[in-house]
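In case you want the letters, here they are:
Number of protein chains: 4
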Amino acid sequence: MSTQPNDSQAEIFERLESEVRSYCRNWPVVFDRASGCEQTTEDGVTYLDFFSGAGALNYGHNNPVLKQAMLDYFSEDRVIHSMDMFSVAKRTFLHQFEDIILKPRNMNYRVMFTGPTGTNAVESALKLARKVTDRTQVVSFVNAFHGMTLGSLAVTGNEMKRQGAGIALHHTTVAPYDDYLDHDGHDFDWLRRVWSDAGSGIDLPAAVIVEAVQGEGGLNAARMEWLRQLGQLCKEFDVKLILDDIQAGCGRTGTFFSWEEAGIEPDMITLSKSLSGLGLPMAIVLLKPELDAWQPGEHNGTFRGFNPAFITATAALEEYWRDDSFAATVRERSAQLKAGLEKIAEEHGAASYRGRGLLAGIGFETPELGKAVATEAFERKLLVETCGAQDEVVKTMPPLTISSEDLQRGIDILADAVKAVA
Amino acid sequence: MSTQPNDSQAEIFERLESEVRSYCRNWPVVFDRASGCEQTTEDGVTYLDFFSGAGALNYGHNNPVLKQAMLDYFSEDRVIHSMDMFSVAKRTFLHQFEDIILKPRNMNYRVMFTGPTGTNAVESALKLARKVTDRTQVVSFVNAFHGMTLGSLAVTGNEMKRQGAGIALHHTTVAPYDDYLDHDGHDFDWLRRVWSDAGSGIDLPAAVIVEAVQGEGGLNAARMEWLRQLGQLCKEFDVKLILDDIQAGCGRTGTFFSWEEAGIEPDMITLSKSLSGLGLPMAIVLLKPELDAWQPGEHNGTFRGFNPAFITATAALEEYWRDDSFAATVRERSAQLKAGLEKIAEEHGAASYRGRGLLAGIGFETPELGKAVATEAFERKLLVETCGAQDEVVKTMPPLTISSEDLQRGIDILADAVKAVA
Amino acid sequence: MSTQPNDSQAEIFERLESEVRSYCRNWPVVFDRASGCEQTTEDGVTYLDFFSGAGALNYGHNNPVLKQAMLDYFSEDRVIHSMDMFSVAKRTFLHQFEDIILKPRNMNYRVMFTGPTGTNAVESALKLARKVTDRTQVVSFVNAFHGMTLGSLAVTGNEMKRQGAGIALHHTTVAPYDDYLDHDGHDFDWLRRVWSDAGSGIDLPAAVIVEAVQGEGGLNAARMEWLRQLGQLCKEFDVKLILDDIQAGCGRTGTFFSWEEAGIEPDMITLSKSLSGLGLPMAIVLLKPELDAWQPGEHNGTFRGFNPAFITATAALEEYWRDDSFAATVRERSAQLKAGLEKIAEEHGAASYRGRGLLAGIGFETPELGKAVATEAFERKLLVETCGAQDEVVKTMPPLTISSEDLQRGIDILADAVKAVA
Amino acid sequence: MSTQPNDSQAEIFERLESEVRSYCRNWPVVFDRASGCEQTTEDGVTYLDFFSGAGALNYGHNNPVLKQAMLDYFSEDRVIHSMDMFSVAKRTFLHQFEDIILKPRNMNYRVMFTGPTGTNAVESALKLARKVTDRTQVVSFVNAFHGMTLGSLAVTGNEMKRQGAGIALHHTTVAPYDDYLDHDGHDFDWLRRVWSDAGSGIDLPAAVIVEAVQGEGGLNAARMEWLRQLGQLCKEFDVKLILDDIQAGCGRTGTFFSWEEAGIEPDMITLSKSLSGLGLPMAIVLLKPELDAWQPGEHNGTFRGFNPAFITATAALEEYWRDDSFAATVRERSAQLKAGLEKIAEEHGAASYRGRGLLAGIGFETPELGKAVATEAFERKLLVETCGAQDEVVKTMPPLTISSEDLQRGIDILADAVKAVA
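Residue numbers (my numbering), protein chains in the order written: chain V, 33 to 454; chain S, 33 to 454; chain H, 33 to 454; chain G, 33 to 454.
Keep in mind that a hint or two might mislead.
Treat identical chains as interchangeable: a pair holds within one or across any two.
To be verified - Derived lysine to aspartate or glutamate pairs resembling DMTMM-like cross-links, with alpha carbons at most 20 Å apart:
#	residue 1	residue 2
1	Lys403	Asp438
2	Lys320	Asp75
3	Lys163	Glu51
4	Lys163	Glu191
5	Lys451	Asp214
6	Lys320	Glu51
Quick caveat, the hints were computed from the structure, so don't treat them as lab data.
Keep in mind the model is a prediction, meaning the values are calculated, not measured.
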């Protein structure tokens, strides 16, 4: 690696990097090393990382098993980039994904390799839903987050991000997420009614796209019963159900998929973020075989065959998902985190626990409080971000591999941070 | 790496991978190893690669310099994935990009790190152009290719891919590319006239997006004079000029940027594909500082801080772009390729040379011929793809690092392939 | 008038008139004369007209007072067509509309003369709402009907008519009309919540457009309390309230405007159909003076100054609306009609009374029944149409000037018709 | 008619009529009487009318033949408003339209009665073109004017009027009108090329909509040869040709249809303005029988059956179009007008003759001049309006029935007005 130019540490970022940069504004230090649940700056200051690359590092930084698999692959001149040509690395991934993930869950899906970002996967799923149904509308939910390219942005709720499009976003209908309104037991009355009514002015949609836990939108966790009813509604009207599991999936909530307990059968599932495990860009869409109406190359992307990601993804499956033991540990940690957060919220008074599994946090009564807590946590060497439309929710996403002790350490820092702003 | 399940080689792809897969249909072999200008199947058959990952592997497969830089980085637990936090790796890239690329060319631009695919970069540039101008229309050119997500697809010409959107694509105006019509000297009369006419029904656009060589669209190379006139037109009306250099950039045409000779100053430039050099996903937008009106986080993406790509990108800059010697060699190879292709075209009769630099090929009179030539080449162990709206153009993209001998070997195979179908 | 060519009576319609013709299919006779509540065919068969030109003939066919005013105007060469030039006829209309309609109701509105069809008025109101708010979305209600041109069609519910657009209709959000869902007391929870939530993905709209009684959509009559709450909601969020009173206004429900009892203050009101009184094309938008941000000629139309319509409209105001006596009679007739329809519905069993005032009917359990009843009524020389998304509602719209005896005659025929299909 | 309230003459217009009012601003007098080519104010001042209701009064104000036909109809209680029921008046119109207009021209079309404004007719034609082709795009021309409702506005060029929409207008492609660019002989190269090219990014459209003379857009008259080539292009690609003859039709250019000399066969033709002859609102679409794919009621409108307009339309056909004598006179007057206008333009220097037939005027070098001439003409008791995107063209539209003397009188006044501003 090249010699570091003699320069003040952050000057060039401020001068040369676009104003769109974001996380570095709250955490104005230069990171260099990272391992497990920790990141260390070039000055040698270590931070406990309850951010985990926004969910892209479920197995921790530089996870040794995954990293070794990648280095082994690099030890010979194996193909790195292969578009959608057949490669040994991709084949192995497919085999293991089928054996370890799909078969044990009785899931019959095909795998579409999209450009290696979540938004590319979401765009693919939306395209396919529209194609197979010959309909155009898609139902999304308030406070949803599905990505930043125009197709995904159209099903995303955040107003600031939507306005960034610069043009109107169409072909979507917004519906209330679970617990958004106080209409117990009436969650899907509206959609069921208008889809049945030729005078409603609302067309039957191609698809519903949903997250089982809304990570960016404020850590809203849908009840399994709500997901089941949604699944039932979609089946009833032959509307395709797209489960966006990019942030909540890959074990984050204590099962590989975040919606497993609901017993539903989505028509399509998007995965990215922690799919490769080591932070390597990768994204896929799982789709029911009968939906696979793509023409060859109808959707493509240059980096859809990034073989090192297939290697680490395979290693992650083999290491963590051959049986339930890893998931069981995640559920234990989740309980510990929930207890800790609830206690903090209770002591604070007006705050409340939000989320599910290791995708959880504390909702505060004002955005100012949420941001202040994150700032106080950073000063105490804990990385936590905020989420929700107003950044009113402090979000914790420790690695799934974190020890109970490190988890408690983070909870304790967070408790101090909350006290500091109260 | 896991043991390969005992299975026929391609069965699982056909069973489990989506029908959208494309290149593997023309090249039905399983690749395993790759080095320089060659890829080798698991059965040990070696192919000369004039495809280069659709332009993502300008420095060849497993380029030893780039690979070593990456392995050095991995030798310690350096941060791999860091969103848009400050990292040492990113800082080094910025410094070297400024010193090696921007400063010698008197270019004053900021760098926006987008999601690591070309289409994410294009979507970002379109958003920003609309934001800073408060206009919505974008002018694109016939046969353009800018990506598969909805914003990029709206400025892409290919009908099959556009229809894949499943919804109407708006806010774009299509203009003729250089040499599309026989209106010598009148190229921009139409745009100039309607932008000046309050009764034209055509709004002044936010931006024009253009490729200096249309790679996917049929290897159409714009004249530098045409690009200059386009630049002048945009300046005159304060329309932002977006130069999409994703495929033609990073040295492919004999200069780092494909449009350098035109002496224009685009408002934004998109780079991806060979930017990281080793096939690692990475994409950026270069933007004039005065356009940097982004709000923090207004556009984001999980993999926008993939540090290994910054490392290999830096290594590529340092190795190949500190002086003009590498580029000079590319121009020599380009001349050799052009001479070879022109000879083949001439011998064939109705075909013609297309493109520029090492982004060149042969346009045939029918799509059937183009596809047949590619098939014959594959049988002779040469990988070349087709492009153009009807796949009527055979496209060659050898690595920039190819030797004169290997280049000639490929040309000779192609000549045989053409003879075989004639 | 020219001599009638010797021809079978309906042949030329079938041969030369477009298939889009509609009412003539259910009533295949050729009308020639009409007076009050009756129309007579060229063969001398007289029908009792409970259709009244879909609400354009509230004062009956050839109302003698209105007709005389028009003939007086024609007796000299007064200006007939004057675009939006000043004319004596228009001035008189404005004076009388102010004195007779606006002032007694403490209404402060300006009058915009649009092209003389309801849809032109609706398009004008939507344009102005978008202009003054600089927002784009409009909320409309399920089963709404506002017109057939693209702007109005976008806020219309009927699926068949929407699909006639041939393109997607955007910038609208559909909300449940009063009593559409069983959410008593929660009617506007959803809109209030999403308009307050920056993460909802639903933009604050420019306007809400609503009918106090949905005439085409199935004779759904909103409660005054619901309209009041809607008015309050709009005020709270500075969303413009457009009251489309084209069918239900001009006295049809027993007050000049159909929503008077609610005590609300719409930002804009559209009127057409019976505004001219004699069936002459005319349409206006009433708008609060502070919204009058139009540029001269920003919206126009060739027939917006059809003076004979101003003359008959003035005559209607002077004859029927100087005091409450006419309206009181309409309310008496309305009570009679309601009692009659309720009795028929009760006897039938599964049917129910729908609507308000003299815009009322019977909702049947199947579309087949609705259509069959209308057919049976026609055979008994009563003209009634069907409405609702499935034509499941039989709609009666007798002239407001009908006598109690004629009204009862129609009710009795309808009762027979219902019995005939039971 | 009611007694005129004692009031200043124009006060109530300024107080109560919307700011959108337009013509009255340039002509601030109150008109009361009108006959032939003259309008008279309530103060007894008479103006020579070279405006003719923007083309709605081709046969002059209060044309005695048409007016008598209407009064005869009103002398008995004939049906006035009948939606799309069969009526004797409509049948007579159909017979005479067939005999007098269609048959002698060997035209085989069906008649669709739309809402009685031009824009309703245009919206209908666009809907039908999209329906029968199952395509969405429509090609319109720079400086076109087709109406103010959203569908028609999308194919209209004027920027101020387009922005009045308040939302983006889509699904249209703009092409250069005849003589807009200096591409002699290449008028349709662009459309022909992109419609043939699957990579162009421009979909084959449903229709092309065109005016033979652009009245509002600046009196641009297409050459017959250009129209023929356009007709040929549409036939070649099965794109529907919609001829909007609302302003230029009904004899205005010396033939009943403005495009007759071209010998083309439009798929649809829109007529309105002078169709009824006496200024009564009426509009129709003529459509080739094989396009008549409407479902009953798929497009409708309350005033589509305004029988008095059918009566006056029939009378106009019978009086003026049974043979060529009237048209021949119009052509004589046209020659006189052209000579007069050319002389004025020549004397002025930088101005030029524009238009065709009695739809002609003078294009000035600046908008200020155009407006000033119209103002000077008004002061000399001549009504002429301006047109073009910048109001740079003074437009004359005398009644077709004008005498040679009155025509010359108007020309002379205009000459004076031009001299006054020079």
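Hint-by-hint comparison with the structure:
1. Within a single copy, Lys403 and Asp438 get their C-alpha atoms no closer than 23 Å, and across copies no closer than 59 Å, so neither meets the 20 Å cut-off.
2. For the identical chains of this complex, Lys320 and Asp75 are neighbours neither inside a copy (50 Å) nor across copies (32 Å), given an alpha-carbon limit of 20 Å.
3. Proximity of Lys163 and Glu51 under a CA criterion of 20 Å is satisfied inter-copy only: 14 Å between copies versus 38 Å inside one chain copy.
4. Within a single copy, Lys163 and Glu191 get their C-alpha atoms only as close as 28 Å, which misses the 20 Å cut-off; across copies the closest is 15 Å, which meets it.
5. Proximity of Lys451 and Asp214 under a CA criterion of 20 Å is satisfied in neither setting, with 32 Å inside one chain copy and 45 Å between copies.
6. Taking identical chains as interchangeable, the C-alpha atoms of Lys320 and Glu51 lie at most 20 Å apart only when they sit on different chains, with a minimum of 12 Å there against 41 Å within one chain.
Violated hints for the displayed structure, listed by number in ascending order: 1, 2, 5.
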